[in-house]
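Visitor: Residues per chain, in single letters:
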Amino acid sequence: AQTVTQSQPEMSVQEAETVTLSCTYDTSESNYYLFWYKQPPSRQMILVIRQEAYKQQNATENRFSVNFQKAAKSFSLKISDSQLGDTAMYFCAFMKHGTGNQFYFGTGTSLTVIP
Amino acid sequence: DVKVTQSSRYLVKRTGEKVFLECVQDMDHENMFWYRQDPGLGLRLIYFSYDVKMKEKGDIPEGYSVSREKKERFSLILESASTNQTSMYLCASSLSAPSGRNEQYFGPGTRLTVT
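Just so you know, the sequences run in chain order W and C. Residue numbers 4 to 118, in my numbering, belong to the letters of the first sequence in order. Residue numbers 1382 to 1496, in my numbering, belong to the letters of the second sequence in order.
Hints may contain errors.
Here are the simulated PhoX-like cross-link-like pairs (lysine-lysine), alpha carbons at most 20 Å apart as the crow flies [stated by the list, open to error]: (1) 1451(C) - 99(W); (2) 1384(C) - 1438(C); (3) 99(W) - 1438(C); (4) 1451(C) - 1436(C); (5) 76(W) - 99(W); (6) 1452(C) - 1436(C).
Just so you know, the hints here were simulated from the structure itself, not pulled from any lab data. Given the structure is predicted, the values throughout are model-derived calculations rather than measurements.
Extracted from the complex, chain W is given alone in its bound form (with noise of 0.2 Å):
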């Protein structure tokens, strides 16, 4: 079975500041595909950055960007610039290569961005 730990339940950053949040995996599969996903405060859970696990450049989109380790089943997110709409639960995702697309999800990261 897989496994996803995100290790910091709370975190706090200053407006424009940077922030990096944690996410481990124990797996025993080779080709798989990690995620970072956004839950604003009562709104909908979005996509905010995937990893396919073969390809060792780390994925970025605008201000999010991700340190992916695979030796090590690191997948950390980097937020610069913080904003205050970057508020939110952050959840770090696995998905195994193949039919059935389940997801393995941690517990979650809550992100405030402070004024």
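Dock chain C against chain W, hints included.
Guide: Positioned in the frame of chain W, the structure of chain C alone reads:
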């Protein structure tokens, strides 16, 4: 844009009632999922379906059943609601492609309170 809708944002039911939660997606996705979200526990998979009339148990299926009679609709049923089923319920859908483009799209959630 993919749209996943859920029949209710808020629902209050009494112990012992039969409860139906409906989810509809409009992008012809093969896979559909039901999760419950509780503080500190993240998202836990209740059931998922990868085709019409097909269903698979997730991590916490006890006390729940599902129905998928049409591709776009996936229903979660609480046969006899109990107070420990008070939670946020999230529906999601995804393509069945074995690629990194098969992220899950989420509905807005239904906050169910059982009294």
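Visitor: Under the constraints set out in the numbered hints, which ones does this structure not fulfil?
Guide: 1 and 2
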